[in-house]
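The sequence shown begins at 135 in our numbering and counts up by one.
Please note that a few of the clues may not be correct.
Unchecked claim - Now the in silico label distances, taken between C-beta atoms and shown as ranges:
(1) L324 <-> Q187: 36 to 46 Å
(2) Q309 <-> G535: 34 to 44 Å
(3) R414 <-> T302: 54 to 64 Å
Unchecked claim - Straight-line Cα separation of at most 30 Å, DSBU-like style, residue types lysine-lysine; simulated pairs:
(4) K369 <-> K448
(5) K430 <-> K369
(6) K501 <-> K369
(7) K430 <-> K288
(8) K461 <-> K448
It should be emphasised that the hints constitute simulated quantities derived from the structure, not laboratory data.
A quick note: this is a predicted structure, and the numbers were derived from the prediction, not measured.
We put the CB at the ideal spot given by N, CA and C, even for glycine.
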Amino acid sequence: MMLTVAKFGGTSVADFDAMVRCANIIINRSDIRVVVVSASAGVTNHLVTLSQQLLSGIEQQQIIQQISDIQYAIINQLHEKQEAGNEIEEILAHLTELVGQQNTLQTAKTADAILSCGEQMSSRLFARVLRQRNCAGAYFDVRDVMATNSLHGKAVVDTDALQINSQTLLGPQLQDVVTVTQGFIGRDGLGNTTTLGRGGSDYSAALLAEAINADDLQIWTDVVGIFTTDPRIAKRAHAIGEISFGEAAEMATFGAKILHPATLIPAIRSSIPVFVGSSREPEAGGTRIMETVASKPTYRSIALRRQQTLVTVKSPAMLHASGFLAKVFAILASHELSVDLITTSEISVALTFDNPQGSTQAVITEKVVEELEQLCDVQVENNLSLVAVIGNELLRSRGVGSRVFDTIPDANVRMICHGASDNNLCFLVPEGEGEQIVQTLHDTLFV
135 MMLTVAKFGG TSVADFDAMV RCANIIINRS DIRVVVVSAS AGVTNHLVTL SQQLLSGIEQ
195 QQIIQQISDI QYAIINQLHE KQEAGNEIEE ILAHLTELVG QQNTLQTAKT ADAILSCGEQ
255 MSSRLFARVL RQRNCAGAYF DVRDVMATNS LHGKAVVDTD ALQINSQTLL GPQLQDVVTV
315 TQGFIGRDGL GNTTTLGRGG SDYSAALLAE AINADDLQIW TDVVGIFTTD PRIAKRAHAI
375 GEISFGEAAE MATFGAKILH PATLIPAIRS SIPVFVGSSR EPEAGGTRIM ETVASKPTYR
435 SIALRRQQTL VTVKSPAMLH ASGFLAKVFA ILASHELSVD LITTSEISVA LTFDNPQGST
495 QAVITEKVVE ELEQLCDVQV ENNLSLVAVI GNELLRSRGV GSRVFDTIPD ANVRMICHGA
555 SDNNLCFLVP EGEGEQIVQT LHDTLFV
């Protein structure tokens, strides 16, 4: 029997009609046995506000009421309104209690518990929608299998424990019911709820697919697959039929929002094909991500990642000296900072860092700069965008560099990174120029 894990994003479970569309996809595909859902669209944003901001009691209740309204719009169309309402009320009551704790003493542990409430509600409601559509849907608490460490906000999953737990608790019921569970959340060894960070729902689905030895992973969202670039930027952008793991990883890493790069790690590790499609238009097809593909064009896509920071460290002590870079990276590691791109000269190093959307503070803090300045001169530049040209054999194809940069002769390029990967050519530009550069490149490279 084919075994598929399907993940449905927030817009796919936004309301009752959206959930019905997802239920129909599952009913029409008997191989889907595990379903991972995000919180209903809008709920997570409200929960983030509750977890990060000090609010008055009235403001808290207003936001909790907005969350309740989103869920009750679904409950009111269920046959078992009373039972569903009781489940959601219990979670909302717990949420109210957590928010009170957060106002008293803000902690990452409480914030994770708050953020987890969205998936807990949507998964319970979606399981009921499935049963209402005569499909044997069963709610399952993913925290019973998704074992993590205690790094709240970006917890690391114990994949060995996940596999053992999944084989024991999920395996026996795969043939009998469609298991509906949550993305994004887990549980540490102390019994506390944790979250996996940005892209955690897709990543959860991929980890579960690996743990139960699934044959396929489906990511259902609000767009028809992965596009050659953001269609809001370039009107000629179009969906890609198939793409290799390597290309998809580059796209996800460098800004394609449709797929988080962590999602592909378990898929690549276990050679699980990934499908990305629209739950609104399942008949329109989508993008297949596989180990090998039939077509390998030089230019596959262009990604844009905003809010980048460029840090340049410079010191004559670097010249013919060993150990300087090790000291720089030791400082960055002590602050748990991950470098994206790096270029070097004899006495300077340029490093890029991503500022994730919704971040509450700059990724490069004054403390980081102060420590680096003990070693060298430091220059920090913000408000930059990263443009990544993704393709195949970009290192071996003649004329790639000239074709790209001759197309944008007036661009104020701050940094170029090429040579480490055969699948990308990246460069930094001012934030305000990024979209126009992507549009120009796309119109030239994808004629």
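Now the hints, each set against the structure:
1. L324 <-> Q187: 36 to 46 Å: Given a distance of about 26 Å, which is not inside 36 to 46 Å, the answer is violated.
2. Q309 <-> G535: 34 to 44 Å: 54 Å, violated
3. R414 <-> T302: 54 to 64 Å: 36 Å, violated
4. K369 <-> K448: 42 Å, violated
5. K430 <-> K369: Status holds; Cα separation ~23 Å.
6. K501 <-> K369: 43 Å, violated
7. K430 <-> K288: 35 Å, violated
8. K461 <-> K448: 13 Å, holds
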